[in-house]
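A.B. asks: Note that full-length UniProt numbering has the sequence shown beginning at 1, numbered continuously upward.
Careful, some of the hints might be misleading.
Unchecked claim - Here are the simulated distance ranges between beta carbons:
(1) D247 to L45: 13 to 23 Å
(2) T99 to M388: 44 to 54 Å
(3) M388 to L45: 44 to 54 Å
(4) G370 to A304: 12 to 22 Å
(5) S248 to M373: 26 to 36 Å
Read the hints as simulated data drawn from the structure, not as lab findings. Note that the Cβ used here is the ideal one computed from N, Cα and C, for glycine as well.
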Amino acid sequence: MTPAAPTAPSTQLGLAFSSVAHSFSHLFTLLYATVILSVEKEWGLPYDELAWASIPLFVMFGAGAIPAGWLGDRWSAPGMIAVFFIGLGAASIATGFATNLTGITIGLTLIGLFASIYHPVGIAWLVRNAANRGRALGINGIFGSLGTAAAAVIAGFLADRYGWQAAFIVPGAVSILVGIVFVALMRTGRIFDLPHDLAPTPPPSRGDVRRAFWVLSVTMLMAGLIFQSTSVGLPKLFEDRAGGLVDSTFGIGLLVSAVYLVSALTQYLGGELADRYPARTVYLVAQLLQIPAILLAVFLSGSALVGVAAIMVSFNVVGQPAENSLLAHYTPPAWRGRAFGAKFVLTLGVSSLGVSLVPIIHRLTGSLDGLLMVLAIFAGIAALFCLMLPADRPASEAVQPAE
1 MTPAAPTAPS
11 TQLGLAFSSV
21 AHSFSHLFTL
31 LYATVILSVE
41 KEWGLPYDEL
51 AWASIPLFVM
61 FGAGAIPAGW
71 LGDRWSAPGM
81 IAVFFIGLGA
91 ASIATGFATN
101 LTGITIGLTL
111 IGLFASIYHP
121 VGIAWLVRNA
131 ANRGRALGIN
141 GIFGSLGTAA
151 AAVIAGFLAD
161 RYGWQAAFIV
171 PGAVSILVGI
181 VFVALMRTGR
191 IFDLPHDLAP
201 TPPPSRGDVR
211 RAFWVLSVTM
221 LMAGLIFQST
231 SVGLPKLFED
241 RAGGLVDSTF
251 GIGLLVSAVY
261 LVSALTQYLG
271 GELADRYPAR
281 TVYLVAQLLQ
291 IPAILLAVFL
301 SGSALVGVAA
311 IMVSFNVVGQ
321 PAENSLLAHY
331 TPPAWRGRAF
341 GAKFVLTLGV
351 SSLGVSLVPI
361 IHRLTGSLDG
371 LLMVLAIFAG
381 IAALFCLMLP
391 ADRPASEAVQ
401 PAE
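Using the sequences and the accompanying hints, generate a full structural model.
C.D. replies: Written out as structure tokens, the structure reads:
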């Protein structure tokens, strides 16, 4: 029987595993962005050709979100998280045993499919169990950024030291082990699902729900395009314009990791701001601040480029807790998994078009400067649409304690 309210340990365990799963969802989908540099040298294939293998991964990363969210709503959110851990690990190990580009493409596609489970299921589960949504989303967001940061350094280290195959096999084994522990905690009743929000908010008007839905659809798509394109393109951007700082795949991975480690701290800040101030305002300011940072990156190289890239990514992720808070506020709890699924179809699936811009622009121009210009335009569009969101009350007025 599901308990009526979570105990403190169960809430903490839920946040812990949700955060680990968030980090894994980004880590596994971005291993190839760094591994590709080693495969390029070992197989003698051009970067542009190898880069296309990751497109199905990102398509599945988004396309699987709605069915995953539906299963999380109708079946079991913790059950889906267990499938996430074990399936993701198995898919990653299979990719490590690939012997040609077709095998890598199939393996990456499966990674995208299982990785698609986390965002619609895990975030909806987290929101349902959170007393302070913004703070919980901020902490969870830190782990997402840590996963993005760790992907480059883990992939670079394992590829340089043991071969590119190890960069998939070792993390895959770890994910399966975590999944086994998670299942054991579920079976003993220490992790469970909550049927209602721990901290419910007053329902918005039907008109506000409709307006928020179509406005957020645009802003989330733009933010997703920026995040996906940046996370995939940074290793190549640093190789082209910051290569003098390092001399190996591992070194480039360290630079990318440093960028996302810095940005991870801003996720917590974004969560605190979303709890203290109107989420709409926090979200708008985050979009506006991205524009000058992205444009500045076009003209820089070396350590200056790395520093500005950290600022650019930080502004992109600082608005994510506010974005998720807005989506949760305008969605009935029973539909939240599907709502987050729809969000991540946009931000992770449709935005995979942004990932395809990386090889296309690099092939046409020989650099990624054009990509940065396009991303600045995306940020401007997001900011304009943020202005159309319904007026948001401060959390102190909107959030009522659970009865």
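A.B. asks: All hints are to be evaluated individually against the structure, with a verdict given for each.
C.D. replies: To see whether the hints hold, each was checked on the structure:
no., hint, in the structure
1, D247 to L45: 13 to 23 Å, "holds, 22 Å"
2, T99 to M388: 44 to 54 Å, "holds, 51 Å"
3, M388 to L45: 44 to 54 Å, "holds, 45 Å"
4, G370 to A304: 12 to 22 Å, "holds, 20 Å"
5, S248 to M373: 26 to 36 Å, "holds, 30 Å"
Comparing the model with each earlier hint shows no violations; every hint is respected.
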